Every structure is written in structure tokens, then in C-alpha cells.
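Listed in order, the protein sequences are those of chains A and B.
Each residue of the first sequence is one higher than the one before, starting from 1 at the first, in this note's numbering.
Each residue of the second sequence is one higher than the one before, starting from 1001 at the first, in this note's numbering.
Accuracy of the hints is not assured; some may be wrong.
In silico EDC-like cross-links for lysine to aspartate or glutamate, where the CA-CA straight-line distance does not exceed 20 Å [as the list claims (entries may be wrong)]:
# : chain 1 : residue 1 : chain 2 : residue 2
1 : A       : Lys206    : B       : Asp1158
2 : A       : Lys206    : B       : Glu1110
3 : B       : Lys1199   : B       : Glu1219
4 : A       : Lys206    : A       : Glu219
5 : A       : Lys206    : B       : Glu1133
6 : B       : Lys1199   : B       : Glu1248
7 : B       : Lys1199   : B       : Asp1158
8 : B       : Lys1199   : B       : Glu1220
Taking beta-carbon pairs under 10 Å as the criterion, some of the chain A residues facing chain B (in silico) [what the hints assert, rightly or not]:
#  : residue
9  : Arg32
10 : Met106
11 : Pro126
12 : Asp212
13 : His214
14 : Gln216
15 : Glu219
Just so you know, these hints were derived from the structure itself, not from any lab.
Quantities reported herein were computed from a predicted structural model and do not represent experimental measurements.
All residues carry an ideal CB built from backbone N, CA and C; glycine is no exception.
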Amino acid sequence: MGLRLLLKREDLNHTGSHKINNVLGQALLAVRMGKTRLVAETGAGQHGVATATAAALLGLECVVYMGEVDMERQALNVFRMQLLGAEVRSAVSGSRTLKDAINEAMRDWVATVESSHYCLGSVMGPHPYPWMVRELHRVIGDEAREQCRQLLGSDPDVVTACVGGGSNAIGIFSGFVDGDAALVGVEPAGGAAIGRGVPGVVHGSKSFLMQDEHGQVLEAESISAGLDYPGIGPEHSHLAAIGRARYESVTDDEVVAAFELLSRTEGIIPALEPAHALAWVSRARGELAGQSVLLNLSGRGDKDVDQMMGRLAPDGGSSGGGSSNGDDGRSG
Amino acid sequence: MSTEPGALEAALRARRSQGGKALVPYLTGGLGDWQAGLAAAADAGADAIEVGIPFSDPVIDGPVIQEANDRALADGITPLAVLDALGRLDIGVPLAVMTYYNIVFRFGLERFASVLAERGVAAAILPDLPLEETGPWAEAADAAGVETVLLAAPTASDERLGRICARTRGFVYGVGLLGVTGVREELASSAVVMAGRLKQVTDVPVLVGVGVGTPEQAEEVCRVADGAVVGTAMVRRMMDEGPAAVGELVGRFRRALD
Ligand SMILES: Cc1ncc(COP(=O)(O)O)c(C=O)c1O
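Please take these sequences and the hints and turn them into a complete structure.
As C-alpha cells, then:
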């Protein structure tokens, strides 16, 4: 690609993504507060799987809300959560994706707050969640910074990560926000809160939000269940507003191409979410030539293989050149 | 703080000083023949009416009011259309709009407050706007002469209840249980407890809502509270049977409270 790409391997975490960093912290906090039950929302299922895992480990009851649409496209993760002893409840309102799962989790939580902790899965929601979740993920940035200094002798030129609510991105950014590295968050084109949003207040925080002229929240649309969210964590809106980070968006087709590219060239099958960040790097390779780019590989792609099988031709792995045919008509 | 009470608070205080209990039904704006529903409710003895401005993500609402919001939005209702309709309505009882903060934020705080005042709407209820964040809206509302009704949750400390009651206008909305709107088999014990705790700290009318679904439950909570807000039961009636049935149900609540 003509640049030096460093991958922060959050995909190697137990349960397959960065989500476990946040979940373990919150689950311990729940126990400390005397709560016996965790409630969570999940999009791709990775946060749900991580929450179910922590609940199993700590002997807590666990209920995970998931949009009906996402339960279909991430069926593997639904079964994983159930294996781990969690109850998965489908959110059937609105767009039946992440936003609606959050609504349902909040409704559960207000009714059960005496026994339940809401283990929110991204850097959003009411205070103190955005701050707490960022602190629990800053380990990503702290580790990456130390590793970069060993490998490069300095910070990288660019730090990039995908952004749904923005937890993996804020985690890696927090290691570099005080330095000189350019910070680039990558949103899906169909869920670009900063790219297409205006300020709004939903789910307990004020941030950029995709909404209509009347303030009705729009439905995001993305190939990736984990990024299918019309809002973004408030700290990202702040970083964008002060010009410290910038936010790009990529299309589903670019993401599929990046998914195939990393699989074929590095032997790493990424989750569709971090494939967004790679898709941007791939598109911007000219601009990035000769630079060092740190990418947060927030999760692995096992959960997405089934969905990709439906989208790519039966022998999609041999279409050559790392590019997908990008034919939406064939998506499953 | 010592300003004249607004139209909503005046009506509720008048009911109380006559030894009565206040009845405030809720209907979702834009749902079917909702304006006829409001008129029927007023005729049947409502002291004031709460009118929902539909929102895409009504997180404090259970399935029935969610469905009402979705249906009204699918029929193309907008915030301004609800307010304009309220402005043309002349049903003789104070109106309070209930909606979510993003609707108001997007509309513009000052503009929303002044449109409410121009359309003759007495008050606003914004359940997802916590006390700590109420300032800018409440100032705009005060300036326009619009009452801002605050909610008090069962989890709030007495100290917090005091601060909520000091800032609320119109009445204080005691949330009857931990949970979302919806009809329950029985009145939660928390409803009466909530009413009692609020009565201890304020002279502002104390109304309890959320989980008050039958005339018997309203009567029970009003042994302590100054009144009740009834939402889901009204909306269910509106969706299933229409405005006349809403009037009939309001009448039954009225008789139970009198
Ligand atoms: C691997 C992976 N990365 C990223 C995300 C998006 O979340 P966030 O933007 O909070 O990092 C998800 C969500 O499910 C995910 O599974």
C-alpha cells in the first residue's frame, strides 16, 4: 500500500473484540454495587457476548437486547450468548437494530435498576458512561502508544479506527490525543453521525445525530451491525468540533473489499467494523504514502463469515485482486 | 418563585381547594381522531389534558404508547402540526404537551416556548430532561409564561425531591413505579409512597402517573395524591375504539375520584 500499517490486535482478545475491556470493568463495578443482573444492548453481538461472558464468570444473571434484524445477520453470536447462559431478547421496534436495542435495554433498566446494572457497550449514553467507557478502553491506546514507541521510536503519523458509538476509537485515540498523530475515525456511509448528523440529544447525551428536520431520529443503514447507529459518543463530537480528530465515511462495497484484502494478504479475517477503518486507509493510500498508520483492529471476523458467504459469490475468495464485485443485489 | 401560578397550576389548585382530586388523561397527538378524543376527555371531566408530541424513540414509554407514536408518525404528524391543532382547539381545560427533549432542542428552545404560548398551551413535560439539565429550557419556558412540569422518580432522595419540587411548575409529576408507561394489574405500592413523600416536601399539586390504569387504581393513589395522570389506558381506548370511548373512560375515572 506504500505506507507502514500497524494493527492493534484487539481481535485477539478473549471473546473476539475490544468490547471485553469495558465489560469486565463494568461487571466488576456491578458486583461492587451489589447488583445481581446485567442488562446490555448489542449490535453485532460482540458486546453481548462479552457481557454474557463476564456474567458467567462472575455469577450474574444476563439479559441482552438485540435488534431483530441483527439477530438474523449475527445468528452465530446469538447462539454464543445463549451458550454462555444469557437470555437474548429481540428488539422489534423502529429499525430493529442497535438504536432500538438500546431503547429496550433502557426500558428494562428503569424497571430493574435496584438489582440490575446497565452494561452499556459504547462511549455513549448519559454521564458517567461516556467517560467511564473511555477510561476502561484507554488501555488500547496506552498499549498501542508504548508498542509504537518501541517499533517506530515515536507516535505514528495517523491513528485510525472505526466508529459506531465510538468505544474502540476513543480507546485508541486516548493514547495519542495529547500528541501530534492525526486521529481519523471512520463511519459507515449509512450511519455517519458526524458526516451527516446535526447536534441532538438522545439516549442521554448531546452529540451529532442523524435526524430529520423535526428531530426524529433516522435509521442508520450499514452492512455492519456493530456500526449501525445514527448517533456517536459525545467525546467524538467534541474532538470533531475542536478539530482534533476528523471523521471519514466509507461505503459497504469498500468495506467488503477491505475485508477480503486483509484476509488474503495478512491471513487475518477482520470483523466488518474495523474493515471500515482499513477501507479508508486503502482509499486514502495516496495521501498516506510513506506514513506510519496505526489501525485499531477492534475485532475478528468469525461472526461475519456467514454474512459474507451470502454476499460474495460461492467462490468469492477467488475473485482476485482483493476487490469485491460490490453487487448489492447479491447481498444476503 | 413567588410568581402567579400558570393556568395549569391554577386549575389543579382550584380542584384541590374544592376538596376534589385532579384527573389528567394523556393522548398522543396525531393518533387517529385525537382532537375529538381531547374534546371528549374535556367534556367527561378532565381537569387538564396531556398531549404527546410523537417521537421516534420514546424511551419512557411501554409498547402501547410506542405504537401510538409510531402510528402517528407514520401518518405524517409533525410537532408544529400538533401545536397548530392545539391552537385551534377550544375545549376549556389547560393543555400540557409531553414530548422528548430532542424535539424541543431541534425546534429551538425559545421558539418552542413561544409557539406553545401563542397556541395557548399551558405547560410542557419533558421526561428525558433531568433536573440538572433543565436550566436553558426552563428559562425559555418561564420567559414565555409556559409551565415546566418536572418528574420525580421513586429512586430520588428526599433532598432531590425538594429541589425538583422547587423547580417544577404546574404540578409535580410523581412517577408511580420503577418502569415505563403501561397498565399493570395492581397499583404499585411505590405509587402511594411517592405521593406521600412528595406531599411532605411541597405545596405544589402532586399528581401520580405511570402505572395508574384503572379508576380503582386512580382512587387508591388519590387517597394521598392530589390527582392522577392516566396514559396507556386512554391511548389503548383511543386506538381500539376511538374518541367516544375515551370520553366514556374519562367519565369512569371522574366518578371514581369524585
Ligand atoms: C469488532 C467491533 N468493532 C467496533 C464496534 C463498534 O463499536 P464502537 O464504535 O463502540 O467501537 C463493534 C460493535 O459491535 C465491534 O463488534
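Here is what the structure says about each hint:
no. : hint                  : result
1   : A:Lys206 / B:Asp1158  : violated, 28 Å
2   : A:Lys206 / B:Glu1110  : holds, 18 Å
3   : B:Lys1199 / B:Glu1219 : holds, 17 Å
4   : A:Lys206 / A:Glu219   : holds, 18 Å
5   : A:Lys206 / B:Glu1133  : holds, 11 Å
6   : B:Lys1199 / B:Glu1248 : violated, 30 Å
7   : B:Lys1199 / B:Asp1158 : holds, 11 Å
8   : B:Lys1199 / B:Glu1220 : holds, 15 Å
9   : Arg32                 : violated, 19 Å
10  : Met106                : holds, 5 Å
11  : Pro126                : holds, 8 Å
12  : Asp212                : holds, 9 Å
13  : His214                : holds, 5 Å
14  : Gln216                : holds, 4 Å
15  : Glu219                : holds, 9 Å
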